[in-house]
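Use the sequences and the hints to build the structure in full.
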Amino acid sequence: MKNPLLAVALLAASTSVVANENFNGRLTGMSGAGYVTADYVDGVLSNPSLGATFGERDDFAVVLNVGATGSDKDDLIDAMDELVDYIDMLDRITNFRDLDPSMATGLIDRIRDIDDKTVYVQGGASLVVAIPNEYLSASLVVKANAHVGAATLIDQGDYDLIRNSVNNPFDTADLKSSVIGKGALVTEVGVALAKTLFENERGRLLVGVTPKRVTVETIAYHATVANYDEDDFDADEYTLKSSTNSFDAGVTLIDGNLRYGLVVKDAISKEFAAVNGEKMRLKPLATAAVGYQSGWWTAEAALDLNTVTLFGLNGDVQILRAGVEVSPLSWLQLRAGLQRDLESTLENTYSVGVGFNIMNTFNLDIAGVTGDNKTYGGAIQLGLRF
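Sequence positions in the sequence shown follow mature numbering (1 follows the signal peptide of the UniProt record, and there is no 0) and run -19 to -1, 1 to 367.
Accuracy of the hints is not assured; some may be wrong.
[Stated by the list, open to error] Computed cross-link-like contacts, DSS-like style, restricted to lysine-lysine with a CA-CA straight-line distance of at most 30 Å:
id : residue 1 : residue 2
1  : Lys54     : Lys157
2  : Lys54     : Lys98
3  : Lys157    : Lys98
Keep in mind the hints are simulated off the structure, nothing from the lab. Given the structure is predicted, the values throughout are model-derived calculations rather than measurements.
The structure is reproduced here in structure tokens:
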């Protein structure tokens, strides 16, 4: 049973993405900055009004994104992997003989290795099909977000239980130490509608809205270390699913090379229950952004204006994103960025990315992320633009 916690989170990410984060081969290279400088395809993931930024030659586009990040500063993934394998081995051996001293020592050491440790993984995927139009641009947006936090609760009495069981029958089911996991899978299906509201020789004002159907599946997992199984994270007994309607709204002002924007995501507040009785609240998040865009380089900074709570971490987050993109050749883009959580719940991260544009039709964009306390991740995009 290899990398159980990581496998669970990435499995979740393959079908659903993390709240308030868009994993995107282009935008992730700029640490998520793209609220006012992204194009008419990628931009609608963050700001629906950007659907109106298409050019004269833009008729249709489809892009697919997938990505994930994880923070495992305590090496809990590896330690949990070793403990589960060791318990499996003991279950086989102690069916035939008593617990010997070396077995007891090995089990105690492995339980200590997971004591007071945490891991957090988030991931996502998205599909955008854009049909720009001077009257009303429309884009089908399908997003999936997942975030899962896991921690251990060690019962100190387990150490005495193991020592007192030396040379006696021992049942791992008597261990009371446990693993807890909390998080959510958020899936959105919507249509981003955008229009140029006002235009003159210097710039224009864009507005947009994305009415959407939101499905939230909360996760509240709790099992002893002997009964832990990664396949149970999404079992019916640990999850609750419900759906609601909501919308995102955005406005972008283009003033020469400068761009300004304001976006409100999940404008309709809603609470979702978990099986443990806790509540996860999906509440409005406002983000302001300012950017600069010329023929060969782009820069942007975006700041969340309020906090939101991540159910898997029981902490508030408020993100500052900043990124740059340079295009030394028409077919090549280079990107870099940084992301800071002003509430210090999430780790600070840095990103780099590269994009390849073939004949202005096919694009491949790859981004890598690294950060404090063993935080790593990445994203990739495949796209067709006509």
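Each hint tested on the structure:
1. Lys54 to Lys157: holds, 25 Å
2. Lys54 to Lys98: holds, 9 Å
3. Lys157 to Lys98: holds, 16 Å
In this structure, every one of the numbered hints holds.
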